[in-house]
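**Q** Numbering (the working numbering) for the sequence shown: 1136 to 1199.
Think of the hints as simulated: they come from the structure by calculation, not from any bench.
Check before you lean on any hint, since a few could be wrong.
Said to hold, decoys possible - Subject to a maximum C-alpha distance of 25 Å in a straight line, what follows is the list of computed DSS-like cross-link-like pairs (lysine-lysine):
no.	residue 1	residue 2
1	K1181	K1152
2	K1155	K1194
3	K1176	K1194
4	K1176	K1189
5	K1194	K1152
6	K1152	K1168
7	K1194	K1181
Claimed, not checked - Okay, the calculated beta carbon distance ranges per label pair:
no.	residue 1	residue 2	range
8	D1158	E1197	27 to 33 Å
9	Y1145	S1183	16 to 22 Å
10	N1162	E1197	25 to 31 Å
11	H1199	Y1159	24 to 30 Å
12	L1153	H1199	26 to 32 Å
13	N1162	R1182	26 to 32 Å
14	V1166	L1190	15 to 21 Å
15	K1194	H1167	17 to 23 Å
16	H1199	G1154	26 to 32 Å
17	G1154	E1197	25 to 31 Å
18	E1197	Y1159	26 to 32 Å
Because the structure is a prediction, the values reported are computed rather than measured.
Even glycine gets a Cβ: it sits at the ideal position worked out from N, Cα and C.
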Amino acid sequence: MSQITLEQRYEISSLYKLGKTQDYIANSIGVHKSTISRELKRNADKRSGDYRAKLAERKCRERH
1136 MSQITLEQRY EISSLYKLGK TQDYIANSIG VHKSTISREL KRNADKRSGD YRAKLAERKC
1196 RERH
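Full structure from sequences and hints, please.
**A** Okay, here's the thing in structure tokens:
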């Protein structure tokens, strides 16, 4: 299983802020759309719903 890189997380964050679909984001970084769905569900800020790359990276590291 490969993990999403910090660089990919920054790309996800940028595209998500622009309102791009999960499908579009997945195609842009070369992963399946379910990967983006899981990434956003697991690593977005629980209160605001915002997705920030550094927060996502920290949450991922804490789980592993």
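**Q** Taking the hints in turn, state whether each one holds.
**A** A quick look at each hint next to the structure:
This hinted pair checks out: K1181 and K1152 have alpha carbons roughly 16 Å apart, not beyond 25 Å. In summary, the hint linking K1155 to K1194 is supported, as the alpha carbons are separated by about 23 Å, within the 25 Å threshold. Between the alpha carbons of K1176 and K1194 the distance comes to roughly 12 Å, so the proposed pair stays at or under 25 Å and holds. Distance hint between K1176 and K1189 is fulfilled; the C-alpha atoms sit about 15 Å from each other, no more than 25 Å.
Distance hint between K1194 and K1152 is fulfilled; the C-alpha atoms sit about 19 Å from each other, no more than 25 Å. Simply put, K1152 and K1168 have alpha-carbon atoms about 17 Å apart, close enough for the 25 Å limit, and the pair holds. Our distance criterion of 25 Å between C-alpha atoms is met by K1194 and K1181, whose separation comes to about 12 Å. Range check, D1158 to E1197: about 28 Å between beta-carbon atoms, so the 27 to 33 Å window is met.
A C-beta distance of roughly 18 Å is found between Y1145 and S1183, which places it inside the suggested range of 16 to 22 Å. The hinted window of 25 to 31 Å between N1162 and E1197 holds, with their beta carbons roughly 29 Å apart. A hinted range of 24 to 30 Å for the beta carbons of H1199 and Y1159 is consistent with their spacing of about 28 Å. The given range of 26 to 32 Å is respected by L1153 and H1199, whose C-beta atoms sit roughly 29 Å from each other.
Separated by about 29 Å at the C-beta atoms, N1162 and R1182 satisfy the suggested range of 26 to 32 Å. For the pair V1166 and L1190, the supplied restraint of 15 to 21 Å holds, since their beta-carbon distance comes to about 19 Å. The hint said 17 to 23 Å for the Cβ distance between K1194 and H1167, and at roughly 20 Å that hint holds. Between H1199 and G1154 the CB atoms are about 30 Å apart, so this pair conforms to the stated range of 26 to 32 Å.
The hint said 25 to 31 Å for the Cβ distance between G1154 and E1197, and at roughly 28 Å that hint holds. Distance hint check: the CB atoms of E1197 and Y1159 are about 28 Å apart, consistent with the given range 26 to 32 Å.
In this structure, none of the earlier numbered hints is contradicted; all agree with it.
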